[in-house]
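Asker: Quick note, the sequences are listed as chains A and B, same order.
At position 253 of the first sequence the residue is numbered 253 (UniProt numbering), and the sequence of numbers has no breaks.
At position 204 of the second sequence the residue is numbered 204 (UniProt numbering), and the sequence of numbers has no breaks.
Do not rely on the hints blindly, as some may be mistaken.
Simulated pairs of lysine-lysine, PhoX-like, Cα-Cα distance not exceeding 25 Å [claimed, not checked]:
no., chain 1, residue 1, chain 2, residue 2
1, A, Lys179, A, Lys273
2, A, Lys97, A, Lys32
3, A, Lys341, B, Lys41
4, A, Lys387, B, Lys41
5, A, Lys387, A, Lys333
6, A, Lys177, A, Lys97
7, A, Lys390, B, Lys41
8, A, Lys57, A, Lys32
9, A, Lys191, A, Lys287
10, B, Lys41, A, Lys273
Simulated DEER-style distance windows between Cβ atoms [unchecked claim]:
no., chain 1, residue 1, chain 2, residue 2, range
11, A, Lys349, B, Asn48, 54 to 60 Å
12, A, Ile410, B, Phe23, 39 to 45 Å
13, A, Gly250, B, Ala117, 30 to 36 Å
14, B, Ile17, A, Asn403, 47 to 53 Å
15, A, Ile410, B, Asn38, 20 to 26 Å
By construction, these hints were calculated from the structure, which means they are not laboratory data.
Cβ atoms here follow ideal geometry from the backbone N, Cα and C, with glycine treated the same way.
Below are the chains, spelled out letter by letter.
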Amino acid sequence: MKRILYTFLIGCFATVSVDAKVIKVGKSRNVKSVQKAIDLSQNGDTIIVDPGIYKEKNIIIQKSVTLKGINYPVLDGENKHAIISIKASNATVEGFKLQHTGRSEIRDLGAIMIYDSYKITALNNILEDSNFGIYVQNSKRCTIKDNSITAYGKDEVQSGNGIHCWRSDSLVIIGNKIKGHRDGLYFEFVKNSLIWRNVSTRNVRYGIHFMFSNRNTYVSNVFEHNEAGVAVMYSKNIHMYNNHFLNNWGDAAYGILLKDITDSDISGNHFTKNTVGLHMEGCSRIKLYKNIFSSNGWAVKIQASCDNNDFTRNNFIGNTFDIGTNGSLVLNKFTGNYWDKYEGYDLSKDNTGDVSYHPVSMYSMIIDSNPAALMLFRSLIVSLLDKTEKILPGVTPENLKDNKPVMRQIPL
Amino acid sequence: MKKILKYVIVDIVQNKIVLIYTFLLLLIALSVFNLESNSAKGLLSLLNIILILVPLISIIFSTIYIYNSSEFIELLVSQPVKRKSIWLSLFGGLASSLSLAFFIGAGIPILLYHADATGITMILTGLFLTVVFVSIAMLAAGITRDKAKGIGLSILLWLYFSLIFDALVLFFLFQFQDYPLERAMVFFSFLNPIDLGRIQILLQMDISALMGYTGAIFREFFGNYIGVSLSFLGLLIWIVVPLMWSLKKFSKKDL
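Please model the complete structure; the sequences and the hints are all you need to start from.
Answerer: Here it is in structure tokens:
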């Protein structure tokens, strides 16, 4: 017993006593290139890089090292190469400016490429003019935090994604600013991850795009001015809280498009000034509560293929159309929402309207089956038709209604 | 001709109905802008009022005015004045005084609260609609001598342009919904001055994205200078054609 204890103590001491080295890299130091420092290092070492421009083709990290930049030293890919490739565990890349990655039709080239790795951290880097920004493939427990990722993508084919994750698990993506890529954030087969406080704007396609990515949580992200908004597909157990979907205005732009999303929670989000705030297709069992839909063309477009979705206590303010749908089948519930277009009364003064509200206007049904009818937008005949339909529903789905509309805006 | 024009303008400007119309427009415009939380919304509410009220007042007031001044017209015809100049000065007087009323009533509040491209398009559209419906009123009054018939006709025309035409378009759309009608819609919009004005303003308001493919085609057509000038040209044709037609009727009319 005693021997075991001694061995354990000695073992502990031994690990502490093997001092992690610090290797300094700079133009005026012994080690002049980052790659050479990595080659010299051992697991647990720290490499500190002085300011300057380093053109080193593709830096490869296969050890558990920490790479730190002082005052953002520039790693340049000369428009030909990927900049850093990592295939390790417990490695960190912090405080660099990575610029001008290559572009390739065959391989995905990016600024920080992480393959088959474990516990990699990319912290506080600036990425400029990258094809792919940070590329995570088949990795676990990686942290991508506070990076600023900017590209100047012109079309979908030519540019890559800001943060691209494929077949990964337990990622933490926090506080990144992504701009001008194809998709700001892209996930495919990513599980159990947290996406928190990221800002994804002015991307060529989507602010965030994911599919087959289950059990992820999205909190307080901002998706603004993306060419096509946000689209997410084929996933289960998605949690989205307090995100902002803003100003996605265009012929095919959605605040968020949900396709085949099931068993999810969407709450406290703001959908503002989108052509379509929330588009749902083939979605089931999603709970949507305490969201704010304001100044959208359509607040919600819900296809008849959706079922068992619950809209509770949401605010609908100043939207041109509150709800649009494409059929008479209604398998979703709307309860206790605030609709600014509600014209009913509340005799019992319990803040709940006494007559139910039909959020689908006749005209929105007409447009859905016959888009050319938009020529009559805001004409007298349309307002007359809408008014008659409100009194005597004939065309609009009778069951799509809120039986307990709230009289005053819900404070959220 | 100048003298007649001046006389007509002075006569109409003093008219109580026109004063009330101006005042009413001013009241509506100011209250709409003050009630709504932002001026863009106010502009949208004002749009509906302008598209309904302005044509209605213009057409009915003008028709009644022409019938009421039939004795004055007869008197003028007995003088050595061309019929053409009598009719045109009547038109000019009506159009300019009603336009002035619109400009004071709606134009000035718009300029005060929302003086951008949208606001200016709105004012221009309102002015054009005023003149178009004065011109249509001249036609209605020129066709028949009977006052009741003439006023009935002008009300019917107003109803047609603001309601029935759109209903027909809707009917047509559903009858032919299997065909691509987007481009046909651009053509249809030229057949109704109110629609033309409405689409012009809505496109300015950046609502076109809402309109999907149809909107894209409308924007492609109306979104550039050629489109805008074409649509104002369309409105101009809506002024000139009824006026010329009525002039032809009037010059051959047995008074």
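Asker: For a quick check of understanding: which of the numbered hints are violated here, in increasing order?
Answerer: 11 and 13
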